[in-house]
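So the sequence lines, in the order shown, correspond to chains A and B. Each residue of the first sequence is one higher than the one before, starting from 1 at the first, in my numbering. Each residue of the second sequence is one higher than the one before, starting from 1 at the first, in my numbering.
It should be emphasised that the hints constitute simulated quantities derived from the structure, not laboratory data. Treat the hints with care, since some could be wrong.
[What the hints assert, rightly or not] Partial list, computed: chain B residues near chain A (C-beta under 7 Å):
1) Ala84
2) Trp160
3) Gly162
4) Leu208
5) Val209
6) Gly232
7) Gly244
8) Trp248
9) Gly252
10) Pro264
11) Asp307
[What the hints assert, rightly or not] Non-contacting residues of chain B with respect to chain A, defined by C-beta distances greater than 12 Å in every case (computed):
12) Ala26
13) Pro63
14) Ala156
15) Thr165
16) Ala168
17) Val216
18) Val219
19) His253
20) Arg269
21) Ala285
22) Leu323
23) Asp340
24) Ser357
[Unchecked claim] Computed beta-carbon distance windows for the label pairs:
25) B:Arg80 with A:Gly40: 28 to 38 Å
26) A:Ser282 with B:Asp117: 33 to 43 Å
27) A:Ala76 with B:Pro143: 58 to 68 Å
28) A:Arg141 with B:Pro37: 40 to 50 Å
29) B:Ala235 with A:Gly119: 46 to 56 Å
30) B:Trp345 with A:Gln73: 36 to 46 Å
31) B:Thr4 with A:Gly118: 19 to 29 Å
32) A:Gln73 with B:Ala136: 33 to 43 Å
33) A:Pro17 with B:Ala6: 48 to 58 Å
34) A:Arg359 with B:Glu18: 34 to 44 Å
35) A:Arg133 with B:Ala6: 23 to 33 Å
36) B:Pro37 with A:Thr146: 20 to 30 Å
Note that beta-carbon positions come from the ideal geometry of N, C-alpha and C, so glycine has one too.
Number of protein chains: 2
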Amino acid sequence: MTPTPAPLHLLPVPGLPEVGDGTDLAALLAAATAHPPVGGLADGDVLAVSSKLVSKALGHRRPWDGDPRAKAQVVAAQTRRVVAERATPGGVTRIVESAAGPVMAAAGVDASNTGPDGGLLLLPDDPDAEVGRLRAALLARLPHVTRLGVLLTDTAGRPWRGGQTDFALGSAGLAVTDDLRGGHDADGRALSVTARAVADELAAAADLVKGKATGVGAVVVRGLDPAVTAPGAGAGAGSLVRTGPGDWFAVGHVEAVRAALGVPPGTPRAVAVGIRPVGEDSVAARCGRAVRLAASGLPDVSWQQLDHAPDQHVWRVACPDELSLGMATARLEVACAAEDLALRWRREAGAVRAVLSPR
Amino acid sequence: MTPTPAPLHLLPVPGLPEVGDGTDLAALLAAATAHPPVGGLADGDVLAVSSKLVSKALGHRRPWDGDPRAKAQVVAAQTRRVVAERATPGGVTRIVESAAGPVMAAAGVDASNTGPDGGLLLLPDDPDAEVGRLRAALLARLPHVTRLGVLLTDTAGRPWRGGQTDFALGSAGLAVTDDLRGGHDADGRALSVTARAVADELAAAADLVKGKATGVGAVVVRGLDPAVTAPGAGAGAGSLVRTGPGDWFAVGHVEAVRAALGVPPGTPRAVAVGIRPVGEDSVAARCGRAVRLAASGLPDVSWQQLDHAPDQHVWRVACPDELSLGMATARLEVACAAEDLALRWRREAGAVRAVLSPR
Numbered sequence: 001m002t003p004t005p006a007p008l009h010l011l012p013v014p015g016l017p018e019v020g021d022g023t024d025l026a027a028l029l030a031a032a033t034a035h036p037p038v039g040g041l042a043d044g045d046v047l048a049v050s051s052k053l054v055s056k057a058l059g060h061r062r063p064w065d066g067d068p069r070a071k072a073q074v075v076a077a078q079t080r081r082v083v084a085e086r087a088t089p090g091g092v093t094r095i096v097e098s099a100a101g102p103v104m105a106a107a108g109v110d111a112s113n114t115g116p117d118g119g120l121l122l123l124p125d126d127p128d129a130e131v132g133r134l135r136a137a138l139l140a141r142l143p144h145v146t147r148l149g150v151l152l153t154d155t156a157g158r159p160w161r162g163g164q165t166d167f168a169l170g171s172a173g174l175a176v177t178d179d180l181r182g183g184h185d186a187d188g189r190a191l192s193v194t195a196r197a198v199a200d201e202l203a204a205a206a207d208l209v210k211g212k213a214t215g216v217g218a219v220v221v222r223g224l225d226p227a228v229t230a231p232g233a234g235a236g237a238g239s240l241v242r243t244g245p246g247d248w249f250a251v252g253h254v255e256a257v258r259a260a261l262g263v264p265p266g267t268p269r270a271v272a273v274g275i276r277p278v279g280e281d282s283v284a285a286r287c288g289r290a291v292r293l294a295a296s297g298l299p300d301v302s303w304q305q306l307d308h309a310p311d312q313h314v315w316r317v318a319c320p321d322e323l324s325l326g327m328a329t330a331r332l333e334v335a336c337a338a339e340d341l342a343l344r345w346r347r348e349a350g351a352v353r354a355v356l357s358p359r
Numbered sequence: 001m002t003p004t005p006a007p008l009h010l011l012p013v014p015g016l017p018e019v020g021d022g023t024d025l026a027a028l029l030a031a032a033t034a035h036p037p038v039g040g041l042a043d044g045d046v047l048a049v050s051s052k053l054v055s056k057a058l059g060h061r062r063p064w065d066g067d068p069r070a071k072a073q074v075v076a077a078q079t080r081r082v083v084a085e086r087a088t089p090g091g092v093t094r095i096v097e098s099a100a101g102p103v104m105a106a107a108g109v110d111a112s113n114t115g116p117d118g119g120l121l122l123l124p125d126d127p128d129a130e131v132g133r134l135r136a137a138l139l140a141r142l143p144h145v146t147r148l149g150v151l152l153t154d155t156a157g158r159p160w161r162g163g164q165t166d167f168a169l170g171s172a173g174l175a176v177t178d179d180l181r182g183g184h185d186a187d188g189r190a191l192s193v194t195a196r197a198v199a200d201e202l203a204a205a206a207d208l209v210k211g212k213a214t215g216v217g218a219v220v221v222r223g224l225d226p227a228v229t230a231p232g233a234g235a236g237a238g239s240l241v242r243t244g245p246g247d248w249f250a251v252g253h254v255e256a257v258r259a260a261l262g263v264p265p266g267t268p269r270a271v272a273v274g275i276r277p278v279g280e281d282s283v284a285a286r287c288g289r290a291v292r293l294a295a296s297g298l299p300d301v302s303w304q305q306l307d308h309a310p311d312q313h314v315w316r317v318a319c320p321d322e323l324s325l326g327m328a329t330a331r332l333e334v335a336c337a338a339e340d341l342a343l344r345w346r347r348e349a350g351a352v353r354a355v356l357s358p359r
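Looking at chain A on its own, in the form it has when it is part of the complex (with noise of 0.2 Å):
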């Protein structure tokens, strides 16, 4: 058995400047912890810094009018891939494979806490590679310390889980996961398949400490098991991040179903069919997405609303080619289940008569 762990501590590092295109974080963040509470950065310890401070200092900003659809652009850009999408008042939300790596909302642009210059602040295109150099600098002044993390720490929602909590966007000089894989439990039985995502755990902790108004961007966590900032600690934060094949969650259920039928997330063909409202939303918009949705790409089809009593919606779909119009009862069949709508449907001559109501 290990011995018993030792108490962790989050010290808050106050008294930062306001950080601009240009500033010398490494110097602000050493002079910083040089004071109480740090009183001076130690071996072992591990450094969290909200990312903004570094996208301030490296000037990643883009002006911005408080128009949404600017916003959007810029999102645009720093988006590898849409992972969902909702359509709001103020514009369409959407949830992304960001250009720093991270699945996050709006590709982690945000326009808050930007500082006095305010517009928009992006992520650090690699979050790694600006922390290694964020510590290097720090390591230059601080001659006594040699085993420094340092972590890079934004803010995020989760599927299945109310509120946001910080995570790990950038690392260097500590071990993102404490791999427990072929190790044993308190009763010597084999743990397989637990692998603690620490630089995780870390970035929620240090948040507890920073909060999100007070301005206080960096927090130092003391205590930790000395392995955690062992030299070759490995891998950056990028490395938590788990997108491709891997990925049981690659988009959202109602965009699987629509990208199966030819109508992917975050294309025009998605705009044109409409995209979901992010609260209720009446049975006759849900029942109009779906019938386009299962449109889309069969030319020779004709949709005609026959009725729509508030609760139940009938079209007929009509077609010279038996085939086609068979292709189109399918597709309506699977769009439906993309607008929790349970279709019923008949045969008539040369037509299908479709009845679509709330699941």
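Based on these hints, arrange chain B on the given structure of chain A.
Then chain B, alone, in the frame of chain A:
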């Protein structure tokens, strides 16, 4: 601007003996926290306790002989709804909405750190109620303490991130979110959608001290903003669970497409079609699942494999009824998306010739 936050201290609670069915957990925790480094619980503290300790004390344990099928039955009984599933050599791994509330792999049923009795530990049925009882029993033993937060922590993976982190399974006596909506940032700009999930960040922070293999099942967090443990702190951690209409990831992207074709996860029909494996799979297996998925519910359509080059599988889809043939073709197009396959097809007499290949 709010004042600079105070340092935060995470204090391990060592010396907890093994917990069994009927153990008075409050008595154990009150005794163990009386010693250093905690030196007695104090107003404003949050005590984070591993849910395993509570499950053991409740006797929420099932005997288990190591048979994966027996575990699957226990997991099924703890499952409200299957979110995603993959076949593994040891059976099907399922991410589910658990009976306890949160979305977790295997409904939180766990065979590690179960103590000398072994078996499978289940989550408490109502985590918030359980932690409320534990807190009341603690306060009864600690007459000088009134503002005490108690947190039940568990471990889970996250979409888009590698590794696992601890989260708040249940809580009592603490504000689970730090709701900044309607507030202002350090620059005086409105913070529109920020609500920090404080309870989850507390759980993650505590895990940095607890670790997984050290036998330390409880941690005291000291130095939090007094608002966290203010009287009437409101809803428990159950309120952080976000499932239902506001959930953009109600099922995985593969499961969404299969469900839209009438084959939802966690059903015998899903098993009959075949469940995607965690790792790589042969093109032949993927094509087979796509065809079975498309064919389900269309009994009059016949499917005949004509050719199978390694990366190209040719099928003849036939039906005397052209409408059904069209439905089969459209369903096959959709089903191919669930297997990352591309479909090319052309019409033949009374049939469709379909060519499936990796996308």
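- Query: Hint by hint, which ones does the structure fall short of?
  - Reply: Numbers 6, 7, 10, 11, 14, 15, 16, 17, 18, 19, 22, 23, 25, 26, 28, 29, 32, 33 and 34, in rising order.
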